Every structure is written in C-alpha cells, then in structure tokens.
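Take the sequence shown: its position 76, counting from 1, is numbered 78 in the working numbering, and each next residue is one higher.
Just so you know, the hints here were simulated from the structure itself, not pulled from any lab data. Quantities reported herein were computed from a predicted structural model and do not represent experimental measurements. Glycine included, each C-beta is placed from N, C-alpha and C at the ideal position. Treat the hints with caution; some may be incorrect.
Quick list of the computed label-pair ranges, beta carbon to beta carbon [as the list claims (entries may be wrong)]:
| no. | residue 1 | residue 2 | range |
| --- | --- | --- | --- |
| 1 | W18 | A41 | 22 to 28 Å |
| 2 | I37 | L121 | 43 to 49 Å |
| 3 | T64 | P19 | 30 to 36 Å |
| 4 | R56 | I25 | 30 to 36 Å |
| 5 | F26 | K101 | 40 to 46 Å |
| 6 | I104 | A65 | 15 to 21 Å |
Derived pair list, reagent style SDA-like, types lysine to any residue, alpha-carbon separation capped at 25 Å [said to hold, decoys possible]:
| no. | residue 1 | residue 2 |
| --- | --- | --- |
| 7 | K43 | V58 |
| 8 | K69 | I25 |
| 9 | K101 | I37 |
| 10 | K69 | L98 |
| 11 | K43 | F28 |
| 12 | K69 | K43 |
| 13 | K69 | I92 |
| 14 | K69 | G107 |
| 15 | K43 | V23 |
| 16 | K101 | L115 |
| 17 | K69 | N46 |
| 18 | K69 | A114 |
| 19 | K101 | T64 |
| 20 | K69 | L87 |
| 21 | K69 | E50 |
| 22 | K69 | A123 |
| 23 | K69 | A79 |
| 24 | K101 | T60 |
| 25 | K43 | L29 |
| 26 | K101 | H53 |
| 27 | K69 | G85 |
| 28 | K43 | T60 |
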Amino acid sequence: MSGWIASLEYATGGLWPYLVVVIFGFLPTEVWRVIGVFAGKGLNENSEIFHWVRFVATGLVTAVVAKLLLSPQGALAMIPLWGRLGAIAIGVGVMLATKRSIALGLIAGELALLGAGFLAAA
3 MSGWIASLEY ATGGLWPYLV VVIFGFLPTE VWRVIGVFAG KGLNENSEIF
53 HWVRFVATGL VTAVVAKLLL SPQGALAMIP LWGRLGAIAI GVGVMLATKR
103 SIALGLIAGE LALLGAGFLA AA
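Kindly produce the complete structure, drawing on both the sequences and the hints.
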C-alpha cells in the first residue's frame with residue numbers, strides 16, 4: 003500500500019473509502035447543482051425548455067421503473083411479477099386517493115411490495 007493511502011487510512015480510522023466517495027462522488031455533482039440553481043434563477047417556469055426537461059425526466063424515471071419491474075435483479079427478482087405490478091398499482095392508487103401525495107403513495111407501494119415478498123416466501 004502506498005504511503006499516502008496508508009497515512010489516510012490511519013488518519014481517518016479506516017473510514018477513508020467514505021472520504022473518497024464524498025470527494026469523488028458527491029462534490030463534483032454538487033458543484034453542477036449549485037451552478038444550475040444560479041443559472042436558472044431568472045428562467046420562466048412555463049417556457050418550452052422546462053416542459054421538455056420535465057418530459058425527459060419523467061420518461062427517464064418511467065424507464066427505470068419499467069426496467070426494475072420487468073427484469074429485476076437481486077432480491078427483487080424473488081418477488082413474482084404480480085406482486086411487483088400490484089405494488090405499483092397500490093402505490094399509484096393511494097397517491098391519487100390522497101390528493102397526489104407522493105410520499106403516501108411511495109410508502110403504500112413499499113408496504114405492498116414487502117407484503118408480496120412475504121407472501122411469495124411463504
């Protein structure tokens with residue numbers, strides 16, 4: 003092990019991987035977020051560019067959810083398709099029933115997914 007890594011490990015008590023994650027993972031992206039806040043200060047929220055950005059962001063989230071549902075990896079693969087689709091349906095239903103509360107819909111969907119997991123394991 004090189005000298006500076008050994009001294010870093012000694013100085014942080016074995017927590018140096020977390021320091022590396024903060025320096026190389028968090029800080030570079032946080033700089034762009036701060037720049038975006040200042041750059042977008044005077045922009046009109048109803049402009050065409052914001053509509054386009056919202057549509058692209060929604061499409062990306064939808065694609066990630068669809069990938070997780072249809073070809074899951076790891077522990078999620080043990081839950082059958084009916085359980086995954088049912089959890090999504092319950093989460094969306096609760097969200098719509100509670101004046102579009104995303105937090106309540108997310109909690110309900112997670113609880114439904116956990117229940118489906120327990121039913122599948124039984």
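TODO: Return the numbers of the hints above that this structure violates; sort them in rising order.
DONE: 1, 8, 9, 12, 15, 17, 21
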